[in-house]
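**Q** Please build the complete structure, drawing on both the sequences and the hints.
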Amino acid sequence: MNTLILRTVAPFVTALTLLFSVFVLLRGHNEPGGGFIGGLIAVSGLALYGIAFGVGAVRRALHFHPMAIAGAGLFLSTLSGTISLFAGVPFMTGLWIYPHLFGTEIPLSTVMSFDLGVYLVVLGAITSIALALEQEPGPEADERQSGPDGPQKRGDV
Amino acid sequence: MGMNAPAWTFAALFLPFLAAALAPVLVGRFGARAAWFLALAPFLSFLNFLRFFGEISRGEVVTGGYMWAPSLNLSFSWFLDGLSLTFAALVTGIGTLIVIYSGGYLKGHPHQGRFLAFMLLFMGAMLGLVVSDSFLMLFAYWELTSIASFLLIGFDHERPAARRAALQALLVTGGGGLCLLAGLVLLWDVTGITQMSLLIHMETSLRESPFYLAILLLVLGGCFTKSAQFPFHFWLPNAMEAPTPVSAYLHSATMVKAGVYLLMRLQPALGATPAWEILLPFFGGITLVAGALMALRHTDMKMMLAYTTMASLGLLVMLTGFGSPHAVEAAVLYLVAHALFKGALFMIVGAIDHEAGTRDISKLAGLRKFMPWTFAAAVLAALSMAGLPLFFGFLAKEEIYAALAAGNPRAVFFTTLALIGNALMFAVAFGIAFKPFLGVFAHHEGVRHHIHEAPLSIFLGPAALALAGLVAGLASGVVHTYVSSPMASAILHETVTIDISTLPHIGLPLFLSLVTIAFGLAIFWKLSRVRSLMAALFESLGPGPDRGFDTALNALLHFAASVTRIVQPGRLEIYITITFVLVAAMLLVPPIVFGELPGLPPLPAGGVLVQEGLFLGIAVIGIAAVLRAGDRLTAIVSLGIQGFAVAVIFLLFGAPDLSFTQFMVETLSVVILALVMTRLRLSPSDSRPIGQRLFDGILAIACGLGFTLLLLKTFETPFDNVLTDFFNAYSKVIAHGANVVNVIIVDFRGTDTLGEIAVVTITGLAVLALIRVRAGGKTP
Chain A
1 MNTLILRTVA PFVTALTLLF SVFVLLRGHN EPGGGFIGGL IAVSGLALYG IAFGVGAVRR
61 ALHFHPMAIA GAGLFLSTLS GTISLFAGVP FMTGLWIYPH LFGTEIPLST VMSFDLGVYL
121 VVLGAITSIA LALEQEPGPE ADERQSGPDG PQKRGDV
Chain B
1 MGMNAPAWTF AALFLPFLAA ALAPVLVGRF GARAAWFLAL APFLSFLNFL RFFGEISRGE
61 VVTGGYMWAP SLNLSFSWFL DGLSLTFAAL VTGIGTLIVI YSGGYLKGHP HQGRFLAFML
121 LFMGAMLGLV VSDSFLMLFA YWELTSIASF LLIGFDHERP AARRAALQAL LVTGGGGLCL
181 LAGLVLLWDV TGITQMSLLI HMETSLRESP FYLAILLLVL GGCFTKSAQF PFHFWLPNAM
241 EAPTPVSAYL HSATMVKAGV YLLMRLQPAL GATPAWEILL PFFGGITLVA GALMALRHTD
301 MKMMLAYTTM ASLGLLVMLT GFGSPHAVEA AVLYLVAHAL FKGALFMIVG AIDHEAGTRD
361 ISKLAGLRKF MPWTFAAAVL AALSMAGLPL FFGFLAKEEI YAALAAGNPR AVFFTTLALI
421 GNALMFAVAF GIAFKPFLGV FAHHEGVRHH IHEAPLSIFL GPAALALAGL VAGLASGVVH
481 TYVSSPMASA ILHETVTIDI STLPHIGLPL FLSLVTIAFG LAIFWKLSRV RSLMAALFES
541 LGPGPDRGFD TALNALLHFA ASVTRIVQPG RLEIYITITF VLVAAMLLVP PIVFGELPGL
601 PPLPAGGVLV QEGLFLGIAV IGIAAVLRAG DRLTAIVSLG IQGFAVAVIF LLFGAPDLSF
661 TQFMVETLSV VILALVMTRL RLSPSDSRPI GQRLFDGILA IACGLGFTLL LLKTFETPFD
721 NVLTDFFNAY SKVIAHGANV VNVIIVDFRG TDTLGEIAVV TITGLAVLAL IRVRAGGKTP
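Keeping their order, the protein sequence lines are chains A and B. Residue 8 in full-length UniProt numbering sits at position 8 of the first sequence; the count goes up by one each step and never skips. Residue 373 in full-length UniProt numbering sits at position 373 of the second sequence; the count goes up by one each step and never skips.
Computed list of lysine to aspartate or glutamate pairs in DMTMM-like fashion (alpha-carbon distance at most 25 Å, straight line):
| id | chain 1 | residue 1 | chain 2 | residue 2 |
| --- | --- | --- | --- | --- |
| 1 | B | Lys732 | A | Glu31 |
| 2 | B | Lys732 | B | Asp657 |
| 3 | B | Lys435 | B | Asp353 |
| 4 | B | Lys732 | A | Glu105 |
No wet-lab data here; the hints were simulated from the structure. Since the structure is predicted, the reported quantities are computational estimates derived from the model, not experimental observations.
**A** Here's what the structure looks like:
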């Protein structure tokens, strides 16, 4: 599937998918969507990118190790739950603030940051699994698949 | 200050743990000198407990604590009466000296900080144990002493013998701990009580309970293993693998005394029954004589002392269970005397080992020239152990004979046992106090050339304890008022007064004492002869329970290995087959057996809509494609078709969130399954034989049928709308969200989600690790 068409289209599709995933994440509180689905959408975008350009390219694009992203997500979610303790209400109670920005009221909440954590966990953990599976076995795999033009010894996907 | 008494006691209970946490840092910074500072923790704790002696001597009890889980009747609460207060004072007082001693003894050891931390941890655990009021608190501390002793005995973890001894102690005392837990839970169940202070008022009803014997046996299982009663005694001498400060502490005030403590504590509730008065004296008596005889066969002074500890514990158990108030008073006196002289003697043996390089009694002689002060302390401690007048040990021995000696056969039997045990221990005490110090110093292999008196930190502990044995004997009135009488009263649960003094009184006890001394001196005179005799005797008896422990452990390991080979053959197909067979059986067998099969559901009122039928058809086609697929990749992609069709059906029935997720999961499943397949390097097509295919097919259909029946059955019961109504009503109002599904996930049941994403993260890590292992070419 390492075709010219796919490699031309993939960056755009991936970018749109990621954008869409954030959109789904943010609308989740009132419309179908949320962190879990958003995360899965993002992973599928990254998977497409990986199929087109290889594991190394995805890793470089992510900059952080995917497991680190998952860890950060878990931390963020836990933190969001813990903040309520400092406000004197039980663990995991949602707290809301309504700042006005350019005349628009923007509702922000610990619930939202919690959902963002869910999104990051799903994104990180599943990307991590997918990338590890896609990578050729061997300790020097990272170097061998360092770029889109490097030797691509992936499965027939 | 502003702290009230409970707060101080609470602090006193936790000071050792705090010091344990600080120990590695402080030792790293200040070296061995840090021990002096760390000893402040038990010392302050000791001072706190000293305050209560006046109150306790007036027959009062001190209680305090904090509720922990009131709904379960659980509290962190302590209970100080004569018994627990004496123990608390011994634990912290001797503990202070031991910490100082450890500072000198292990000076320069690379892991001294760790050692002190374990020691203080142990101290905290023991302290908590003896003051615990609530059962669960007692059990938690009980187990903590087992764990701490494991760490201490295995401190020299590079030696296999130390590792074995540590494991043995942990398994024996930990196993006993489980017995104890069962006993306590049963007690709880029968009486409805969770606190020691209440339990001891429950005298009669418990003994009449049909569960009395079970409770007693389980509690004894805990106490006998902890206090090294025959036949569980073998771990105690092996625990000598630990550095000497550990032995000194373990044997004088802690660990092994925990079992005796609990027996004494439960005496008002469980004692005074035939079972109690047969089991305790019987096993105690055997332990006493066996321990004393085995002590004589060794030349290693530490081993000699270890076996006399075993003997002393036997004596204590025997006295506790003998069944007369007098015997309990004797046990109290002996317990205090033993804590003082045994702690001192162990530390003296450690000092000799530290200065002379060996503790083999047959190689040492004439040390009095080099270590005069240590010699003096040794003599004081040994005289108390031997039970000579003026010393506290004498009071204990007189009281033992006064309690036991009577005309009936039972009394004669146990008096004889006590006499034999005491005489043998007399010989050991004299052996340790005089053999290494008297005579002419001669150089043996392993003995150092230049021997000095022990430094202050090493000398302080034994000297203080040995002197205490003499002072307590001389000032017996004070000790009785504040320690012995309240402690005996607490055990007997009635007020008793002990008034024995160190002046010899003419009578049967004195006569028996004289016999003991004569007998003991005779054995001491012929110590090496007796030693070889004992060695031959125990040689002829064959392997003991120590070997039996190894055999049992090996048998257990073999058994575990063979079971593992059966249930874990290591083939994925077998695991998956078993899993699905069980799933199918679970879903199908109960409804068929109990006649609970669901009826056929009615068709929807408006018939099946065209689009619904269409996507149902696509799902069926997807499944057919999976079955007909020529190679695995096609099968995986076809499975995706079916999944997508189902997702659309979800959408048609008004579950957009579910449908969305299903779409994404299906997409990623196809990608990941395909990737897994390439990693596994399977043959591209399915090559199962026809019989196997048939079996797998039937299994798949059975599982599918089972789930279908389950769902149909579920829909037959009327739907309960309570939760749906609640979420619909409050989603917008409380949680400011219109999407009920999402609000449930991130708000109403957010804690669940938090758990789930933690699982997702851990799964990710686990998969990564698995892939790494395979990639590294190591064994999977």
